[in-house]
Amino acid sequence: GQQLNQSPQSMFIQEGEDVSMNCTSSSIFNTWLWYKQDPGEGPVLLIALYKAGELTSNGRLTAQFGITRKDSFLNISASIPSDVGIYFCAGTNFGNEKLTFGTGTRLTIIP
Amino acid sequence: EAQVTQNPRYLITVTGKKLTVTCSQNMNHEYMSWYRQDPGLGLRQIYYSMNVEVTDKGDVPEGYKVSRKEKRNFPLILESPSPNQTSLYFCASSVAGGGTGELFFGEGSRLTVL
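Line by line, the protein sequences give chains A and B. When we follow the working numbering, the leftmost residue of the first sequence carries the number 14, and every step to the right adds one. When we follow the working numbering, the leftmost residue of the second sequence carries the number 47, and every step to the right adds one.
Since the hints were derived computationally from the structure, they do not count as laboratory data. Among the hints, a few may not be true.
Claimed, not checked - With a cut-off of at most 25 Å between alpha-carbon atoms, the simulated DSS-like pairs for lysine-lysine come out as follows:
#1 B:LYS64 x B:LYS111
#2 B:LYS117 x B:LYS103
#3 B:LYS103 x B:LYS64
#4 B:LYS64 x B:LYS117
#5 B:LYS103 x A:LYS111
#6 A:LYS111 x B:LYS115
#7 B:LYS103 x B:LYS115
#8 A:LYS49 x A:LYS111
#9 A:LYS111 x B:LYS63
#10 B:LYS115 x B:LYS64
#11 B:LYS117 x A:LYS111
#12 A:LYS49 x A:LYS83
Given these sequences and hints, build the entire structure.
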């Protein structure tokens, strides 16, 4: 089955830095989502995007739905220790029960 | 509290010994799904269910079975586990099908098959 490619695979940053990650697909989606998995827990939805070109914010998080509908981006501003975890993108289409997840970006904050 | 509950959270078993991982949700969701998470591979869908008695294969269904006899429960069955099924498993549910994308996940079940 298809998987989405996320980049980078891992990031090591210092507290206060901004973070950028992206997700690319070989096929088009009409919905993009970003989930975060805290250590030892299940993923939790952060942001959902439903329209090409859409830019949506949730606190310090901003996500964009790429114009081509084959990619999406997530930015985190002024990172804090609780941002540590694995970030997953996911894509789907209305009427399709299948949600395809990315390979994940692991974020670590260096003290 | 709205939640998806999986049991067991941790399990070590041996090759060939049948096991079941239970999943229950209290949100009256129609859609439920099982995923496995492996390093570098992200989350891959095993099976999903749109409603009671309706199940379908995901991307990696080999070696697994599921059933959906009640709306709230969606157990994952490994009839004859093998070491390549060692993984972290997540159950998830959604109000209106995976197409909405807004899944609620359980806390995960870490399975080791020796």
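Status of each hint after checking the structure:
no.	hint	result
1	B:LYS64 x B:LYS111	holds, 11 Å
2	B:LYS117 x B:LYS103	holds, 18 Å
3	B:LYS103 x B:LYS64	holds, 20 Å
4	B:LYS64 x B:LYS117	holds, 24 Å
5	B:LYS103 x A:LYS111	holds, 10 Å
6	A:LYS111 x B:LYS115	holds, 21 Å
7	B:LYS103 x B:LYS115	holds, 17 Å
8	A:LYS49 x A:LYS111	holds, 19 Å
9	A:LYS111 x B:LYS63	violated, 30 Å
10	B:LYS115 x B:LYS64	holds, 20 Å
11	B:LYS117 x A:LYS111	holds, 19 Å
12	A:LYS49 x A:LYS83	holds, 20 Å
Against the hints set out earlier in the document, a violation occurs for number 9 only.
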